[in-house]
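A.B. asks: Single-letter residue listing:
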Amino acid sequence: MTQRDEAWFAALAGERAPADQPEAQELAAIRRAAAGLQGGGVDELAQQRLLARLEAEGLLSSETRPATEGRRRSWRLPPGLSSVAVILLCVGVTLEWAVFSPPAEEVLESAPRGHKLAPALEEFADADRAPVAELRADRRAQTQLPAAEAAAAPVAPSARPAVAEDPPARQELESAALGEPQAERKEGTELGHARVATPDAVARLSRDARPAGAALASEQQATAVVEVLVPDPAATLAVLEKLAQADSTLRVQLLPAEKTASGLRRVTLSCSAPSGCNRLNRWLVEQKLEQRMAPGQALEVRLGQRP
Amino acid sequence: MNSASPDAELITGLVSPAARREAASLLYQRYASRFMAYLRRRGLGQADAEDAVQEAFIRLIRRAETFALRDQTEPDRACRAWIWTVARSAWLDWRKRQGQAGTTLDDVPEGALGVVPDVAVTSNYQDCVHGQLARFAQDYPDGGEAILWAAVDGLKTSQIGELLGRSAGATREFLSQTRKRLRQYLAPCLES
Numbered sequence: 001m002t003q004r005d006e007a008w009f010a011a012l013a014g015e016r017a018p019a020d021q022p023e024a025q026e027l028a029a030i031r032r033a034a035a036g037l038q039g040g041g042v043d044e045l046a047q048q049r050l051l052a053r054l055e056a057e058g059l060l061s062s063e064t065r066p067a068t069e070g071r072r073r074s075w076r077l078p079p080g081l082s083s084v085a086v087i088l089l090c091v092g093v094t095l096e097w098a099v100f101s102p103p104a105e106e107v108l109e110s111a112p113r114g115h116k117l118a119p120a121l122e123e124f125a126d127a128d129r130a131p132v133a134e135l136r137a138d139r140r141a142q143t144q145l146p147a148a149e150a151a152a153a154p155v156a157p158s159a160r161p162a163v164a165e166d167p168p169a170r171q172e173l174e175s176a177a178l179g180e181p182q183a184e185r186k187e188g189t190e191l192g193h194a195r196v197a198t199p200d201a202v203a204r205l206s207r208d209a210r211p212a213g214a215a216l217a218s219e220q221q222a223t224a225v226v227e228v229l230v231p232d233p234a235a236t237l238a239v240l241e242k243l244a245q246a247d248s249t250l251r252v253q254l255l256p257a258e259k260t261a262s263g264l265r266r267v268t269l270s271c272s273a274p275s276g277c278n279r280l281n282r283w284l285v286e287q288k289l290e291q292r293m294a295p296g297q298a299l300e301v302r303l304g305q306r307p
Numbered sequence: 001m002n003s004a005s006p007d008a009e010l011i012t013g014l015v016s017p018a019a020r021r022e023a024a025s026l027l028y029q030r031y032a033s034r035f036m037a038y039l040r041r042r043g044l045g046q047a048d049a050e051d052a053v054q055e056a057f058i059r060l061i062r063r064a065e066t067f068a069l070r071d072q073t074e075p076d077r078a079c080r081a082w083i084w085t086v087a088r089s090a091w092l093d094w095r096k097r098q099g100q101a102g103t104t105l106d107d108v109p110e111g112a113l114g115v116v117p118d119v120a121v122t123s124n125y126q127d128c129v130h131g132q133l134a135r136f137a138q139d140y141p142d143g144g145e146a147i148l149w150a151a152v153d154g155l156k157t158s159q160i161g162e163l164l165g166r167s168a169g170a171t172r173e174f175l176s177q178t179r180k181r182l183r184q185y186l187a188p189c190l191e192s
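As given, the protein sequences belong to chains A and B, one line each in that order.
In terms of the working numbering, the first sequence is numbered consecutively and its last residue is 307.
In terms of the working numbering, the second sequence is numbered consecutively and its last residue is 192.
For the record, the hints were derived by calculation from the structure and aren't laboratory data.
Predicted, not measured: the structure shown is a model, and the values here were computed from it.
It is possible that some hints are incorrect.
What the hints assert, rightly or not - Straight-line distance between alpha carbons at most 20 Å, and here's what the computed SDA-like set of lysine to any residue pairs gives:
(1) K156(B) to R77(B)
(2) K180(B) to K242(A)
(3) K156(B) to A273(A)
(4) K288(A) to S248(A)
(5) K156(B) to Q177(B)
(6) K156(B) to L237(A)
(7) K288(A) to L237(A)
(8) K288(A) to T236(A)
(9) K156(B) to R16(A)
(10) K180(B) to T236(A)
(11) K156(B) to A19(A)
(12) K156(B) to A24(A)
(13) K180(B) to P18(A)
(14) K156(B) to D76(B)
(15) K180(B) to A7(A)
(16) K96(B) to E55(B)
(17) K156(B) to T2(A)
(18) K288(A) to Q305(A)
(19) K156(B) to T236(A)
(20) K180(B) to P274(A)
(21) K288(A) to G304(A)
(22) K156(B) to R135(B)
(23) K242(A) to V252(A)
(24) K156(B) to R31(A)
(25) K156(B) to A10(A)
(26) K156(B) to T85(B)
(27) K242(A) to A273(A)
(28) K156(B) to P18(A)
(29) K156(B) to P75(B)
(30) K156(B) to A35(A)
To be verified - A short list of chain B residues far from chain A (calculated; beta carbon distances all over 12 Å):
(31) N2
(32) S5
(33) A8
(34) E9
(35) R88
(36) L92
(37) R97
(38) G99
(39) D142
For every residue, glycine included, the Cβ atom is placed at its ideal position computed from N, Cα and C.
With the rest of the complex left out, here is chain A:
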């Protein structure tokens, strides 16, 4: 509709004044004609029929409420309020997504890690199917431990304390678990080049010192281990404890045997909610580590001093 047409209809509706005298005459004539087209007089009989029907349906009795009679009550919100509710819902979902989803770069970083872990997980699945004795022999061969050393392992629920008592063996095991040559390990690593043990390797490490009756299923729940070399492990530990204090869903546990032969401090990081996991993930990113935390997961961090 052009502006002139719009103005004409507004003038016909009495919303604004006519543009000029001829238009005023035209509008007045149309109004009078329109009033004449409204039909004839009232049909008294039809009106009586309506009132009788209203009476019959109880719509004219004082006890009834016409608005609720004969129809369901509507639970719709007022239009304005429902719009606000929808907007708030959208904002809430967006904020939830923004707070609890990792940044894009973290997602990209975590992708290769997933590929690395895949073969290990396949191995775990195979372990369920392979005979236990055969599997143990295979594992021993892989870790290159002398059979006598493996047989001499104490009967204990966990292999770690026993290995910790034998520093050279532990060092060798750790080295095997971290998947790098002994010589390279002795040279030490720079900050930011943390060595990472896959769950498979750690499981292997504890499995070789395990009693024959231990269940292999528990191996699948092995905690991932990561070694970090920092200038001041105590200061880093303080940072982690501060994170734990700031978020109750985040847990930093200093393990009892934290002092290893190599001077590493061992702490277990875990989180029970996305907020705590996000804090830990940010710390892991700062340390240039590929590991990422999820609720219910635990990560053992071995803090060593950078030479």
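Got chain A; can you put chain B on it based on the hints?
C.D. replies: Below, chain B without anything else, positioned relative to chain A:
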């Protein structure tokens, strides 16, 4: 409450059990013949139109409370728009019952389009406009109704659009075409 009471007061009266009968009677006297003409222009026969008018008034009474509770800036104009909305819903339901939901007014046979006073083009300007407007409303029922809603009820273009079931843009285009056609119908009156 009397025959001069504004529509908003009558609608409020429908909500009150004590005033309901009187308010219903006054509204009927004010709108029944208009509803009838509206429905007849839309192809309803006399008997069907009477039934539809009755149905429309029953709906008005049943829904009055929900309307009266709304916050209206222009209560009287909003009232009239709402009353016509109820009348239109009665017409749409009638069409549904008749299985004509998919048809438009253009499909309605010309002979079925209500009773229109046969006013010839005369030398009297007002009579001429009356007759030509009646013809226009017969030929273009929606356009004629839009003119009546604006001229008699003072409805805004947005309210007319809602009553016609058109979007804002479609309403603008429709009203522009309506005025253009009406001009053609009224041209003989100006010449005479």
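A.B. asks: Decide, hint by hint, whether the structure agrees.
C.D. replies: Against the structure, the hints come out as follows:
This hinted pair checks out: K156(B) and R77(B) have alpha carbons roughly 9 Å apart, not beyond 20 Å. The suggested pairing of K180(B) with K242(A) is violated, with an alpha-carbon distance near 78 Å, which exceeds 20 Å. A threshold of 20 Å between alpha carbons decides the hint, and for K156(B) with A273(A) the separation of about 56 Å lies outside it, so the pair is violated. Taken as a hint, the K288(A) and S248(A) pair is broken in the structure, with Cα atoms around 25 Å apart against an allowance of 20 Å.
For the given pair, K156(B) sits about 17 Å from Q177(B) by alpha-carbon distance, which is consistent with the 20 Å threshold. This hinted pair does not check out: K156(B) and L237(A) have alpha carbons roughly 72 Å apart, beyond 20 Å. For the given pair, K288(A) sits about 17 Å from L237(A) by alpha-carbon distance, which is consistent with the 20 Å threshold. For the hint linking K288(A) to T236(A), the alpha-carbon distance of about 14 Å falls within 20 Å, and the restraint holds.
With a C-alpha separation of about 11 Å, the suggested pairing of K156(B) with R16(A) holds against the 20 Å cut-off. Of the pairs offered as hints, the one joining K180(B) and T236(A) is violated, with about 82 Å between alpha carbons and a cut-off of 20 Å exceeded. Proximity of K156(B) to A19(A) is assessed by CA-CA distance (about 18 Å); at most 20 Å being required, the pair is judged to hold. Pair hint K156(B) plus A24(A) holds up; C-alpha atoms about 18 Å apart against a cutoff of 20 Å.
For a cut-off of 20 Å, the pair hint linking K180(B) to P18(A) stands: about 17 Å separates their Cα positions. With a C-alpha separation of about 12 Å, the suggested pair K156(B) and D76(B) falls inside the 20 Å cut-off, and the hint holds. For the proposed pair K180(B) and A7(A), the alpha carbon gap of about 14 Å is at most 20 Å, so the pair holds. Between the alpha carbons of K96(B) and E55(B) the distance comes to roughly 14 Å, so the proposed pair stays at or under 20 Å and holds.
Restraint check for K156(B) and T2(A): satisfied, since their Cα atoms lie roughly 15 Å apart, inside the 20 Å limit. A C-alpha spacing of about 16 Å is found between K288(A) and Q305(A), which places the hinted pair at or below 20 Å, so the restraint holds. At most 20 Å may separate the alpha-carbon atoms for a hinted pair to count; K156(B) and T236(A) exceed this at roughly 72 Å. Straight-line distance between C-alpha atoms of K180(B) and P274(A) comes to about 65 Å, which puts the hinted pair past the 20 Å bound.
A C-alpha spacing of about 15 Å is found between K288(A) and G304(A), which places the hinted pair at or below 20 Å, so the restraint holds. The hinted pair formed by K156(B) and R135(B) fails the criterion: a straight-line CA distance of about 24 Å is larger than 20 Å. A threshold of 20 Å between alpha carbons decides the hint, and for K242(A) with V252(A) the separation of about 9 Å falls inside it, so the pair holds. In summary, the hint linking K156(B) to R31(A) is supported, as the alpha carbons are separated by about 15 Å, within the 20 Å threshold.
Simply put, K156(B) and A10(A) have alpha-carbon atoms about 7 Å apart, close enough for the 20 Å limit, and the pair holds. In summary, the hint linking K156(B) to T85(B) is supported, as the alpha carbons are separated by about 14 Å, within the 20 Å threshold. A C-alpha spacing of about 17 Å is found between K242(A) and A273(A), which places the hinted pair at or below 20 Å, so the restraint holds. For the suggested pair K156(B) and P18(A), the alpha carbons sit about 15 Å apart, so the restraint of at most 20 Å is met.
Only pairs whose Cα atoms come within 20 Å are accepted, and K156(B) paired with P75(B) is accepted, the gap being roughly 13 Å. Distance check on the hinted pair: K156(B) and A35(A) sit about 18 Å apart at the alpha-carbon level, within 20 Å; holds. Once the 12 Å rule is applied to beta carbons, N2(B) is consistent with being away from chain A; the minimum gap is 15 Å. Non-interface call for S5(B) relative to chain A: holds, since the shortest CB-CB distance, roughly 16 Å, exceeds 12 Å.
With 12 Å as the threshold on Cβ separation, the claim that A8(B) sits away from chain A holds: the shortest Cβ distance comes to roughly 16 Å. The claim that E9(B) is not at the interface with chain A holds, since no C-beta of that chain comes within 12 Å of its own (minimum 17 Å). Consistency note on R88(B): stated as away from chain A, and its beta-carbon is indeed over 12 Å from all of that chain's, at 16 Å minimum. Distance check on L92(B): its Cβ is at least 17 Å (rounded) from any Cβ of chain A, clearing the 12 Å threshold; non-interface status holds.
Separation of R97(B) from chain A is adequate, the least Cβ-Cβ distance of about 18 Å exceeding the 12 Å criterion. Listed as a non-interface residue, G99(B) keeps its Cβ farther than 12 Å from every Cβ of chain A; the least gap is roughly 24 Å. Distance to chain A confirms D142(B) as a non-interface residue, since its nearest Cβ pair spans about 14 Å, more than 12 Å.
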